[in-house]
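Engineer: Since chain A is already given, all that's left is putting chain B on it; use the hints.
Here are the chains, one letter per residue:
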Amino acid sequence: MKCEDFEQFMASALGNELAVGDRPAFENHLTHCERCRLEYESLQSSLETMKMLSAPLQKVADPELEQRLKGLRPQAMNRPRHFHRLRGLRYAAGILVAFTCGYAFHAVLLLSNPSSSQLPTPPLPGIVHNDEGSKSFQAAFAGTHRQDPRRTDLAKCMIAMFGAKGN
Amino acid sequence: MKPSFEPFAHDVYSWAYRLLGRHHDALDVVQDVYLKWDAKCGSEAPTQPRGWLRRVTVNRSIDALRRRSNELSLRVVPQSVAETATDGGLDLESLRADVASAMDKLTDAQRGVLVAKVYDTMTFAEIAEEQQLSVSTIKTHYLRAVRAVRDRLRRRWGSEDES
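Top to bottom, those sequences are chains A and B.
With the working numbering applied, the first sequence corresponds to residues 15 to 181, in that order.
With the working numbering applied, the second sequence corresponds to residues 2 to 164, in that order.
Rather than coming from a laboratory, the hints here were simulated on the basis of the structure.
Glycine is no exception: its CB is placed at the ideal position from the N, C-alpha and C atoms.
Any given hint could be a false lead.
[Said to hold, decoys possible] Label pairs and their calculated CB-CB ranges:
id, chain 1, residue 1, chain 2, residue 2, range
1, B, T122, A, E55, 14 to 24 Å
2, A, Y105, B, K106, 52 to 62 Å
3, A, G102, B, E45, 28 to 38 Å
[Unchecked claim] Below 20 Å or equal to it, Euclidean Cα-Cα: the simulated DMTMM-like pairs (lysine to aspartate or glutamate) are:
id, chain 1, residue 1, chain 2, residue 2
4, A, K65, B, D105
5, B, K37, B, D26
6, A, K65, B, D92
7, A, K84, B, D29
8, A, K84, B, D33
9, A, K65, B, D152
10, A, K16, A, E41
11, A, K84, B, D39
12, B, K41, B, D12
13, A, K84, B, D26
14, B, K106, B, D64
15, B, K37, B, D12
16, B, K41, B, D29
17, B, K37, A, E80
Isolated chain A, as found in the complex (with noise of 0.2 Å):
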């Protein structure tokens, strides 16, 4: 074997790749030729002086780097990026739902109370308690309940409104 041949095999040889069939002529030329033996041992030990560098004992998947890694952008690591250009439209939606959750609510209520002109009317805030005053728009406030009390609201507010300007 030449030097030139040598060369390519060094490679295989320092990589622990040599071929069975390749390693007699390769060890050959080693005990024959002093210069690529030397060249050989050079390259071996700083393969092995690298391999002191050893890989690191703990687990890196431990707590610490994962609180890195969550710590940068959690959201780019699972969630998809237009999920935070609809951050705003959740915002509105829940609201909204929140919203005709509770008017369904008191509607569902005042719906399944049917008798609710018979109850007694607390007086209305706002409102001079004139007797006879007061007993008109307490009629009229069980008059409107009873025709429709989805607009029991609107006329609370609206006599609560101008019905003490006229008293």
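Structural biologist: What follows is chain B alone, placed relative to chain A:
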């Protein structure tokens, strides 16, 4: 679909730690690599994610080691190596600096091959497939990389011999 970084996190940390030797420095590099990975995958995910991550990690680690050396004035020169050699113990810090300094002179491909072969114990065929190169090219890169490290370390050994 964007590939996940989690399966590679341990390897990235391992490569960084081998070069830097410090847990928190390695974590910093993992963080930097993750940000670069996220930016890269936003446009086009690498075809060989592991090879890409290895290259980026080694480059970042070398940069970090260079900054550390500049800050702490630990850059190895033959005189300082001779001084520390008299302690009798293995000076891992200067060894890392030497290895990183040698790897700094290599091309990205040579660096990637060296780390893959030495630290990941991959075969030449596997590295060739990962880097989309021929096996003979991989072997050439490997030989050049090992020679560069040898030449850098030779200055260290030469100084120790003189002392």
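Engineer: Now tell me if each hint is right for this structure.
Structural biologist: Hint by hint, here is what the structure shows:
no.: 1; hint: T122/B x E55/A: 14 to 24 Å; result: 21 Å, holds
no.: 2; hint: Y105/A x K106/B: 52 to 62 Å; result: 55 Å, holds
no.: 3; hint: G102/A x E45/B: 28 to 38 Å; result: 30 Å, holds
no.: 4; hint: K65/A x D105/B; result: 18 Å, holds
no.: 5; hint: K37/B x D26/B; result: 17 Å, holds
no.: 6; hint: K65/A x D92/B; result: 14 Å, holds
no.: 7; hint: K84/A x D29/B; result: 13 Å, holds
no.: 8; hint: K84/A x D33/B; result: 13 Å, holds
no.: 9; hint: K65/A x D152/B; result: 16 Å, holds
no.: 10; hint: K16/A x E41/A; result: 12 Å, holds
no.: 11; hint: K84/A x D39/B; result: 13 Å, holds
no.: 12; hint: K41/B x D12/B; result: 18 Å, holds
no.: 13; hint: K84/A x D26/B; result: 18 Å, holds
no.: 14; hint: K106/B x D64/B; result: 12 Å, holds
no.: 15; hint: K37/B x D12/B; result: 16 Å, holds
no.: 16; hint: K41/B x D29/B; result: 18 Å, holds
no.: 17; hint: K37/B x E80/A; result: 17 Å, holds
When the structure is compared with the earlier hints, no violation turns up for any of them.
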